[in-house]
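Trainee: These are the residues of each chain, in order.
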Amino acid sequence: MKLTRRHTLMMAVGSAVAAFMPVRAFAAVEEEIAAFTGGAEVGSDGITLIAPEIAENGNTVPIEVDAPGAEAIIVFAAGNPTPSVATFTFGALAASQSAATRIRLAGTQDVIAIARMPDGSFVQASQEVKVTIGGCGG
Amino acid sequence: MAENVKPRVRVPRDATAGEEITIKTLISHPMESGQRKDGDGNVIPRSIINRFTCTFNGETVIDVTLEPAISTNPYFEFQAIVPETGTFEFTWYDDDGDVYTDSKEITVG
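Here the protein sequences line up with chains A and B, keeping their order.
Using the numbering used here, you'd call the opening residue of the first sequence number -7 and step up by one each time.
Using the numbering used here, you'd call the opening residue of the second sequence number 884 and step up by one each time.
Wrong hints could be hidden among the right ones.
With a cut-off of at most 35 Å between alpha-carbon atoms, the simulated DSBU-like pairs for lysine-lysine come out as follows [claimed, not checked]:
| no. | chain 1 | residue 1 | chain 2 | residue 2 |
| --- | --- | --- | --- | --- |
| 1 | B | Lys907 | B | Lys920 |
| 2 | B | Lys889 | B | Lys987 |
| 3 | B | Lys889 | B | Lys920 |
| 4 | B | Lys889 | A | Lys122 |
| 5 | B | Lys920 | B | Lys987 |
| 6 | B | Lys889 | B | Lys907 |
| 7 | B | Lys920 | A | Lys122 |
| 8 | A | Lys122 | B | Lys907 |
Hint data in this document are derived by calculation from the structure and do not stem from the laboratory.
Quick caveat: nothing in here was measured; it's all calculated off a predicted structure.
Based on the provided sequences and hints, a complete structural model is requested.
Mentor: Here you go:
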């Protein structure tokens, strides 16, 4: 392939876009959080997020969320291609507003849990998880 | 359709009225995220379980929305109150329209 001026320009644009990707992904998290909270102020008391500090395998990272009295808990992985992970909605027969599951993380990043309380307020907890091998099959 | 999908649920056999019990569920499913590529560089289409619910005698215990970031063989652990003798119903909804169910009876002694 001949390297023309046009090709060079396109490559430059491509790498610039690639360089901005993480920033865009981060903005996506902010947007999704805003979509869940409706832009309301988010507190930090009354929610626990248990995640490992270091996860060797990003394909299955055990996490646990607990927010006593919450209506729903949403979990985000800030650095994943699609940040939302799961939404837990608790019914009348849930003994505690907590749940444990296993998630995929593309790389070292923050895991964020936000709970919606019955009075319409929101609380948030986040923890950084260091991932040795990413879980996106890339 | 995802093959060999097998739900496994662990619920105690009996409880006292109003007792809080822990329920563990696991279902075998590849949870193809739609991010991976095959050997030829083609994207493997997304195929996941997108919703899981647990009810007891028709009342909701938990309702989970799953995204592709949930691991292969989705696992959930949560707590439920047992007011009376009855049946826990577990339902998983697949992207392709399949619904997988399991149920466990519990006796209040």
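Trainee: If a hint holds in the structure, say so; if it does not, say that too.
Mentor: Hints and how they fare:
1. Lys907/B with Lys920/B: holds, 32 Å
2. Lys889/B with Lys987/B: holds, 15 Å
3. Lys889/B with Lys920/B: Holds, because 26 Å separates the two Cα atoms, which is no more than 35 Å.
4. Lys889/B with Lys122/A: At roughly 32 Å apart (the allowed maximum being 35 Å), Lys122/A and Lys889/B satisfy the hint.
5. Lys920/B with Lys987/B: The hint is violated at about 38 Å.
6. Lys889/B with Lys907/B: Roughly 14 Å separates the two Cα atoms, so the pair holds.
7. Lys920/B with Lys122/A: Holds, because 24 Å separates the two Cα atoms, which is no more than 35 Å.
8. Lys122/A with Lys907/B: Distance of about 27 Å is within 35 Å: holds.
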